[in-house]
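Chemist: Residue numbers (numbering that gives the first Met the number 0): 0 to 357.
Keep in mind the hints are simulated off the structure, nothing from the lab. Watch out, some of these pointers could steer you wrong.
[Unchecked claim] Restraint-style ranges between C-beta atoms, simulated for each label pair:
no.: 1; residue 1: G113; residue 2: D316; range: 52 to 60 Å
no.: 2; residue 1: G88; residue 2: E26; range: 50 to 58 Å
no.: 3; residue 1: N161; residue 2: G249; range: 26 to 34 Å
no.: 4; residue 1: E349; residue 2: S219; range: 38 to 46 Å
no.: 5; residue 1: N351; residue 2: E191; range: 27 to 35 Å
no.: 6; residue 1: R155; residue 2: A55; range: 35 to 43 Å
no.: 7; residue 1: S219; residue 2: G332; range: 37 to 45 Å
no.: 8; residue 1: A304; residue 2: H224; range: 44 to 52 Å
no.: 9; residue 1: V183; residue 2: A75; range: 37 to 45 Å
no.: 10; residue 1: E160; residue 2: A304; range: 38 to 46 Å
no.: 11; residue 1: G328; residue 2: V199; range: 46 to 54 Å
no.: 12; residue 1: N86; residue 2: G249; range: 33 to 41 Å
no.: 13; residue 1: E225; residue 2: A55; range: 42 to 50 Å
no.: 14; residue 1: D350; residue 2: N161; range: 21 to 29 Å
Quick caveat, the model's predicted, so the values are computed rather than measured. Virtual Cβ for every residue (Gly too), placed ideally from N, Cα, C.
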Amino acid sequence: MAKKIIAGLLASAMVVGTMGVGVQAEEASVEGMTVAFIPKVTGNAFFESANDGAQAYAEEWGITVEYMGNSVAGAAEQVEVINQAINSGVDAICISTVDAAGVSDALQEAMDMGITVCTWDSDANVEDRALMVSQGTPEVLGQMLVDMSVDALEKRGLDPENDEIKYCWHYSQATVTDQNSWQVAGEAIIAENYPNWVNVAEDNYYSEQDSEKAVTVGASILSNHEDIDLIICNDSTALPGQLQAAQNAGLDRDSITITGFASPNSIKEYCTAGILYEWGLWDCQIQGALGCYVAAYLAAGNEVAVGDTISVPSIGDVTIEANDCISEGAETGDTNNGVVLLPERVVFTEDNMDEYDF
Numbered sequence: 000m001a002k003k004i005i006a007g008l009l010a011s012a013m014v015v016g017t018m019g020v021g022v023q024a025e026e027a028s029v030e031g032m033t034v035a036f037i038p039k040v041t042g043n044a045f046f047e048s049a050n051d052g053a054q055a056y057a058e059e060w061g062i063t064v065e066y067m068g069n070s071v072a073g074a075a076e077q078v079e080v081i082n083q084a085i086n087s088g089v090d091a092i093c094i095s096t097v098d099a100a101g102v103s104d105a106l107q108e109a110m111d112m113g114i115t116v117c118t119w120d121s122d123a124n125v126e127d128r129a130l131m132v133s134q135g136t137p138e139v140l141g142q143m144l145v146d147m148s149v150d151a152l153e154k155r156g157l158d159p160e161n162d163e164i165k166y167c168w169h170y171s172q173a174t175v176t177d178q179n180s181w182q183v184a185g186e187a188i189i190a191e192n193y194p195n196w197v198n199v200a201e202d203n204y205y206s207e208q209d210s211e212k213a214v215t216v217g218a219s220i221l222s223n224h225e226d227i228d229l230i231i232c233n234d235s236t237a238l239p240g241q242l243q244a245a246q247n248a249g250l251d252r253d254s255i256t257i258t259g260f261a262s263p264n265s266i267k268e269y270c271t272a273g274i275l276y277e278w279g280l281w282d283c284q285i286q287g288a289l290g291c292y293v294a295a296y297l298a299a300g301n302e303v304a305v306g307d308t309i310s311v312p313s314i315g316d317v318t319i320e321a322n323d324c325i326s327e328g329a330e331t332g333d334t335n336n337g338v339v340l341l342p343e344r345v346v347f348t349e350d351n352m353d354e355y356d357f
């Protein structure tokens, strides 16, 4: 079970806000709901861990979570999975999209069939889903990536404020909304606070959530930029691939700085081997479970609006935020549309990584 669980909550959820603080709304139980839980790609430690969390909580909540995915990360493959979910008669879909535009028609078809659509990890178009369970705003996650970079550079003995730091970004693909938003926010933070840093790539490096390609792309970065100081991998497949490429090249954390987002279990071996100082993530088990819960909650007939709070058994209270908290300028529907933000994120190092098992 995921760490930092808030226990001892009521066995049923409560919404407050539109009815007034402290007024319990009459609501439908989530028991008996079936949710199709769709990752970007199967076989990735992040998504498998998220499913582990969803399955563990689902048993407690009395819902069924069907983990439905494809070993290839692509819009066409996700559309196929969405269609399978529709045909299987699920009550809700909770999806991490590879390409928001590429799956738009399929998600609209699901909603037309009366299926609730929610997202987690990577968003759909806001008109193609109800609630999004997000790991954080672009500004929060962009700042986290820059902060980890700065800290690791300093541990190497460099001066990020004054040294010319040569860097680049390596992640999945240009169509993934969340990773691109973090990259854009991170670039803005770097430009404002570290104007001496130089991005050595004309474009970002992409490895399309393919674990083998992540290694080959990682190797090409190292061969094309032999004097690079920093590689930021804001993707859970790119980070281990880049670390493997560095290890293959005989590099370690004192010769190059690599950091980013990935589940702790997928990176521990590289940290133990001295290939990186630190990396980060959020509790993906909680995120996966929470995505499935809110999808089941709305599928059961409950309604929420911005400002409302849902009390989720064994996880805690979550508040519905407007869509523009993660996507500038995005509009939010009057009901059953918005964002739920995870409350915290974690930086992993050799000192704390064994406290986490996902």
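Chemist: Each hint needs a verdict: does it hold in this structure or not?
Modeler: Cross-check of the supplied hints:
1. Between G113 and D316, the C-beta spacing of about 28 Å breaks the proposed range 52 to 60 Å.
2. For G88 and E26, the Cβ-Cβ distance of about 23 Å falls outside the hinted range of 50 to 58 Å, so the restraint is violated.
3. Checked against the hint of 26 to 34 Å, the pair N161 and G249 passes, with Cβ atoms roughly 28 Å apart.
4. Between E349 and S219 the beta carbon distance is about 28 Å. The supplied range of 38 to 46 Å is therefore violated.
5. A hinted range of 27 to 35 Å holds for the C-beta pair N351 and E191, which are about 30 Å apart.
6. Judged by the Cβ atoms, the range 35 to 43 Å given for R155 and A55 holds: they are separated by roughly 39 Å.
7. Between S219 and G332 the beta carbons are some 44 Å apart, a value that agrees with the proposed interval 37 to 45 Å.
8. Against the hinted window of 44 to 52 Å, the Cβ-Cβ separation of A304 and H224 comes to about 49 Å, which satisfies the hint.
9. Hint check: V183 to A75, Cβ distance near 26 Å, so the stated range 37 to 45 Å is violated.
10. Range check, E160 to A304: Cβ separation about 45 Å, and the 38 to 46 Å hint holds.
11. As the Cβ distance of G328 to V199 is approximately 31 Å, the hint placing it in 46 to 54 Å is violated.
12. For the pair N86 and G249, the beta carbons lie near 51 Å from each other, so the given range of 33 to 41 Å is not met.
13. The supplied range of 42 to 50 Å is met by E225 and A55, whose beta-carbon atoms lie about 46 Å from each other.
14. For D350 and N161, the Cβ-Cβ distance of about 28 Å falls inside the hinted range of 21 to 29 Å, so the restraint holds.
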